[in-house]
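K.L.:
Whenever a hint applies, use it, and build me the whole structure from the sequences.
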Amino acid sequence: MKSLEQLTEREILSVAISSEEDDNRVYMAFAEDLKERYPATAKLFTDMAQVEVYHHDALLKLYEEKFGKQLLPIRASDIKGFIKRPPIWLTRNLPLSKVRMEAEIREAETAAFYTKCAQRATDDKVRQLLRELAVAERGHEQLAIELETQALPPDVREKEDKARTRMFVLQYVQPGLAGLMDGSVSTLGPLFAAAFATHSNWQTFLVGLAASLGAGISMAFAEALSDDGSITGRGSPVLRGAVTGLMTTLGGLGHTLPYLVPDSLHNAFWIATGIAGTVVFIELWVIAWVRARYMDTPFLKAVFQIVLGGLIVLATGILIGAS
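Quick note: the sequence shown uses my numbering, first residue 1, plus one each step.
Honestly, the hints are just simulated from the structure, not real lab data.
Wrong hints could be hidden among the right ones.
Unchecked claim - Computed cross-link-like contacts, DSSO-like style, restricted to lysine-lysine with a CA-CA straight-line distance of at most 27 Å: (1) 301 - 125; (2) 69 - 35; (3) 69 - 2; (4) 125 - 61; (5) 66 - 116; (6) 116 - 61; (7) 69 - 80.
Stated by the list, open to error - Each pair of labels, with its calculated beta carbon distance range: (8) 323 - 271: 19 to 25 Å; (9) 221 - 315: 26 to 32 Å; (10) 69 - 4: 23 to 29 Å; (11) 122 - 57: 19 to 25 Å; (12) 93 - 225: 16 to 22 Å; (13) 64 - 221: 54 to 60 Å; (14) 198 - 87: 51 to 57 Å; (15) 315 - 35: 49 to 55 Å; (16) 93 - 285: 21 to 27 Å.
All values derive from a computational prediction rather than experimental measurement.
Every residue gets a Cβ at the ideal spot worked out from N, C-alpha and C, and that includes glycine.
P.N.:
Okay, structure coming up:
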């Protein structure tokens, strides 16, 4: 793998040409992925891809003047210093933030490459073109702003923001909330039943840990296998399953961890149970708030559904354990 300082002018131009081709394909892939969800932003990336074509043609013309039509088989990935990034453009239904961040990184990296190569170039035409392209790449951010202003008038931007919020809710909030609700509520019964049946913090902790991990694994598989996201737009099933499983486990562990209070302490059971009860109260109110904030559920209705339901499960567990 060569360093930038080891490249000849022919190699520099070959890398630049292949990079412009790659950027064009990536931006067109973004436009293709976004055209149904965010048509105005898709146009933005189509325009950016066209700019890369102009850059490519200018570089190729200069290369053919100096070295002929045979390009060297060298790419940016063969050069030390270029950022190695996973090919996110192969992923469908990417959030806009990732798409725009990828574009910004590519432009900044290309601008830095052209600037450094221009400083080393000995041929006047090569140096001049690389400097012009470096300026153009740095101006890509401004170009994106101008294109976004033209392509995304306020009413369109508002629609895309709503669509982006909806995608965020579908892909992250909804599976995470489902996991948190299941983990927080479903583990209350076995945990407090074990607590009041044994009055042993350690035994209660083991039951809560098993219930939390078991529920997390079960919910992860259930969510991942529910649908592949291709029709519903809910995103990667693996990611949704991971979010759901993690939040389910965390929801159960929240009121399980207090039972790590050592049994040797005076009133250890009641200390742990008091802390666990406080955690449960906080968990249920947080879930009610999230439902009201992201799921368009009236807050009082969310409180009634979640807090009251959780308290019923909690009371059931205590009554069974104490009987």
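K.L.:
Honestly, which of those hints from before does the structure not fit?
P.N.:
Numbers 1, 2 and 16, in rising order.
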